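Enquirer: Read off the chains here:
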Amino acid sequence: MAVPSTSPIVQAHALGKQVISPEGDLVILDNVSFDVAPGEAIAVVGASGSGKSTLLGLLAGLDTPTHGSVTLDGQVLGELDEDGRAALRSQRVGFVFQSFQLLPSLTALENTMLPLELAESGDARVMATEVLDRVGLKDRIHHYPNQLSGGEQQRVAIARAFAANPKILFADEPTGNLDQKTGDRIIELLFSMNRERGTTLILVTHDLALAKHCDKILELEAGRLAKS
Amino acid sequence: MMRILRLSFRFVRREWHSGELTTAALALVVAVASVSAVGFFTDRVRGAMSQQASELLAADMLVVSSSPIPSEWTNRARASGLDTALATQFPSVVLAGNKPLLAEIKAVSPAYPLRGTVRVAQKPYAPDAPTDAIPATGEAWLDARLMSQLGIEPGTAISVGAKKLRATKVISYEPDRGGDMFSIAPRLMMNAEDLSATRLIQVGSRISYRLLVAGGTDQVTSFRTWLKPKLPTSAQMQGVRDSRPEMKVALDRAEQFLSLAALVSVVLAGVAIAISGRRYAMRHLDTSAILRCFGASQRTIVGLYAAQLVLLAIVGSLIGILLGFLAQWGLASILVGLFADQLPPPSAEPVLTGLATGLIVLLGFALPPILHLKDVPPARVLRRDVGNLPATSTSVYVTAVVAMFGLMLWQTKDPTLTLYVSGGSLATLLSLGLVAWLLTLGVGRLRTRVGVAWRFGIANISRRARSSIVQLIAFGLGIMVMLLLAIVRNDLINQWQDSLPVDAPNYFLINVQGNQVNDLKKFFEANSVSPPTLYPMTRARLTGINNKPVDSESYDDERTRRLATREQNLSSAALPQTDNRLVAGRWWSANEHGQPLMSLEEDLANRLGIKLGDTLQFSVVGEPVSFTVSSLRSVDWDSFQVNFFMLVPPGVLDDFPANYITSFHLPSGKPELLGNMIQRFPNLTALDITALMGKVRNIMDRVTLAVEFVFLFTLIAGLLVLWAAIQSTQDERLYEGAILRTLGASRRQLLLGVAAEFVTLGLLAGLLAALSASLIGYVLAEQIFHLPYKFNAVIWLVGLVGGALGVGITGTLGARSVITRPPLYTLRRA
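Going down the list, the sequences are from chains A and B. Its first residue numbered 802, the first sequence is counted upward by one per residue in the numbering used here. Its first residue numbered 69, the second sequence is counted upward by one per residue in the numbering used here.
Treat the hints as calculated values from the structure; they're not laboratory data. On a predicted model such as this, the values are computed, not experimentally measured, just so you know.
From chain A, some residues computed to sit far from chain B (all C-beta separations above 12 angstroms):
# : residue
1 : Gly879
2 : Ser993
3 : Arg1025
Derived coverage of chain A by chain B (criterion: at least 3 residues anywhere in the stretch with Cβ under 8 angstroms from a Cβ of chain B; other residues may be distant):
# : stretch
4 : 848 to 860
5 : 919 to 925
C-beta: ideal position from N, C-alpha, C; glycine also.
Could you put the whole structure together from the sequences, leaning on the hints where they help?
Expert: Below, the structure written as structure tokens:
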């Protein structure tokens, strides 16, 4: 589907999420709407439990909203089934998580190759090796996650996220499990790669200093958008 | 597809190294190894047993005809690669000097017998030895009775018809002697080449021509198929299965014991695989969520894990088959001295069985929880509390039960046995689940009355209610199967062996005339042997059922045809024998003596399609007699007592000629008794059944050994269930242990807590296992083996103590890493 580059690449419209808890219905997100332009870097900030991760899950199509809609690169996610959303993710979306989420049974190279293989991209091995080289892990491509330090694991995760050249990158507290120094290096790497590839970045963090690297900051308070 | 396979290989390779698949793979290997070892071994034992049964025919197949065997049949059999031999049997007078005696002549061709061996002695009742030869031309071999009745020594000249022969040896054992024991006169065996010179083969002579055939099963079957349409009504075929009914019972029972032993290993292995499969799925929830997050479709996830399972099934099965083959080979070589004959090599069937079992067990038990992985929501990458494995899933149980039932049915080929065993297993599962659930409800009360370690241990059981129920079921099932096997192995087999008492009859005495009955009883008393009961026997031919004529065309099945058309032996009795059980109708009262009633053996009645109240028409010495079927009996054929298919009340057959038959136990210290008896009553024929009984006992002993061998595999499978169950809660246990240790719990406290938990689980599982095993043992004894069940208190003691100790020690050892692993290591990995 051809989408003009000026249209928003991510659109959240009246997004809401409710879950049933023993105390009754619990509103996690309430009527959240915003647009993200292509190539833009957005930070979603808020206290623990404010609904940041839920919002990220809904935007990436990892979960479905109770009401409202998400349009990702011109495609309304609500019109797709789970496998349709998975296919969309494999083509256009990358992820970086707080707990790295590397598969322990695969090497750094194999972890990086994974999204390429799932998207059935050309030479996964060559492309994954290149991107691992870019994150500075050329010498450690055959190591398993438990043989790497936290910073190295997150570099592999970044390499994996960028390997398939996604249009949009979602990052959930990417420095949350790292010390300050390592975290700073990771952020530096993340933003420089983001710039190089013109990727749209949606970053969830409670760290305001980190959020300031972004073009725009969305603040969530008890599931509502406080400031944008 | 290739992409999924490539990913699968990658996962398997790494997970094998990380030990992720070890328990699942081991369970699979043990499952297949046990099934294959049993498969290979039973395949060979069955082969050996068939060979033994073949001995009773002296061939694998026998054609008996009242007219000479056409050379076309013999040629066809030989052309098919089968061995053949001919035997001609007829009654004839043998003359020694001027003394005539009726004997059963058997003229044999070289190669007789094709199965089994003839044993001969140099003198009557002297030590004997096997021989491969047959009587040379001009010679005859006589049995000891014929020699003593003729009053001759080996070397004496005798006449058979117009031919003079020299009696050279004494036949002490003839494999196919028992075929028709009630009509056998003393035996004379001669060479077939001398037959025409006797001039006894005339038109109208009562001659039985026999073609013996032996060789590969396929060739025998195809020869049988070829011959069947050509067979005139005067000829019949007999296979191994058609031989003596008591041998058939022994063979069938042997198959049941072995199948049962094989089944319990399969059940246990299935349980171990189900537990391992669930754990594997639990540990792959995150991986699936990540894969989903990066765009893997549900199909890709299913393909990925299913390919891993199939790969594991194939590799694990092949290793299992190899181990199974080695195990049975080792066992066969250990037992070779105990077996009279060599075991034949196994067929290829167990290899296929092993592979199929591996696939069915792994997919049936591990696939349902693994299939759940496709439903893991990708949002789990953000929130780990979503997409957990459901604790209970109908699909898991349905698939496992269907897989198990299918496997059982396939292995036993016996729907009744399968129903009982699977019903028992299901009932145990349900009762274990129910009691485990009750325990978790009531355990709170116990917690306030025990020390801190026990409180912690018992609290764990109630807190992890769902996994505790799963563990209890696994432990309970494991212990139950072991106890059940002990019941089968010790109680049932011993009872079965005991059903042949040491003083079981070892001789049949036939042709006793009515006027000899009292003299014979006195003879026994005079020799300090308690006189046996003598049963009258009147020859009759069944001519009609409900006035519809019976002939050889009435039935399709050869055995039924033979049973219907042969000479029947009618006997009378005032009361049923102790080894007979009335299954329908009622026994006649004293008032009904002399009435034309009949009691039929139930299998015969079923085969001939006779029901209670039917009238049967007989010809007795040419005179028509009709009886009404008033009862049906089951008969314990392996008691070796004299038994009759057809019984009538006393007084009905008094007007017809009868002779008497009995069986008695000849004490080993009185060999001369037999000679004296024959001298005193020369017309009697004594049939030695010691050899036949020895064979039945031998088969029983072999089966016992085979079952004990299988028990080893069941034991390994049982231990693996325990191990898998311990592993299933290991992650949770490690995490909790790490937190408790961080909070200051001592190693001793943790250890005692873990021990208390497993001892309690073991105790309860043992109690339930003993209950279920006793119940299933009772049903098996009563319904399958037809033996009276004896309550065994040891089972309960072993169940309780063994459960508490076995599960307690194994569980504590298995969970020891809770104590040994540094808490930080565990917490970092969480």
